[in-house]
Amino acid sequence: MREAVIVSTARTPIGRAYRGAFNDTSGPDLGGHCIKHAVARAGIDPGEVDDVVMGAAMQQGTTGQNIARQSLMRAGLPVTVSGMSVDRQCASGMMAIATAAKQIVADGMTITVGGGLESISLVQNDNMNRHRASDDWIKTNQPALYMSMLETAEIVSARYNISRHTQDEYAVQSQDRTHQAQTEGRFDNEIVP
1 MREAVIVSTA RTPIGRAYRG AFNDTSGPDL GGHCIKHAVA RAGIDPGEVD DVVMGAAMQQ
61 GTTGQNIARQ SLMRAGLPVT VSGMSVDRQC ASGMMAIATA AKQIVADGMT ITVGGGLESI
121 SLVQNDNMNR HRASDDWIKT NQPALYMSML ETAEIVSARY NISRHTQDEY AVQSQDRTHQ
181 AQTEGRFDNE IVP
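Its first residue numbered 1, the sequence shown is counted upward by one per residue in UniProt numbering.
Some hints here could point you the wrong way.
[Claimed, not checked] Straight-line alpha carbon distances no greater than 20 Å define the calculated SDA-like cross-link-like pairs of lysine to any residue that follow:
hint, residue 1, residue 2
1, Lys139, Thr152
2, Lys139, Gln89
3, Lys36, Asp50
In case anyone wonders, no lab produced these hints; they're calculated from the structure.
Model the full structure from these sequences, guided by the hints.
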């Protein structure tokens, strides 16, 4: 059986929605930047890439209309490289990476790129497309399909008796660990500013 391996990684630093350094950076810019650097770090010719699979949960605005294809073009890959976008909400990027690996293992491709991106500032705002954004039957029969992650978190918190205090402690611990890792340079090899 063929084996898929990750030979390079590249990502942008994490930004702040609505006010950070990436506040007005388009989806193709974000994705293209990472793809370009990941391909360069792998030491391969961009024309050798068989497919690019990108995940995004809110595919509209500049992250709509096949963000994978837009990103690979922005990265300078040739038009012969195909692109596919995946939407599995919070797991979109992970699913894109799994799909890219599956294409190597099961579909006979040689080189694929998988990743994810999101631009909250550019899609979750007053200009967000809300025209016919929900289906009446789904709203009546399966309303949980439209549940936000905030609502989901409240349900999980209540179901498993996780207090707000415990959540806040975990959040602070996570921020502290991230700060320490950044200070120690643990992310330096993966971030491409």
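Hints, one by one, checked against the model:
Distance restraint check for Lys139 and Thr152: the Cα-Cα separation of roughly 16 Å lies within the 20 Å cut-off, and the hinted pair is therefore satisfied. The straight-line distance between the Cα atoms of Lys139 and Gln89 is roughly 18 Å, inside the 20 Å bound, and the hint therefore holds. Proposed proximity of Lys36 and Asp50 is supported: the alpha carbons are some 15 Å apart, at most 20 Å.
Hint violations for this structure: none, all hints satisfied.
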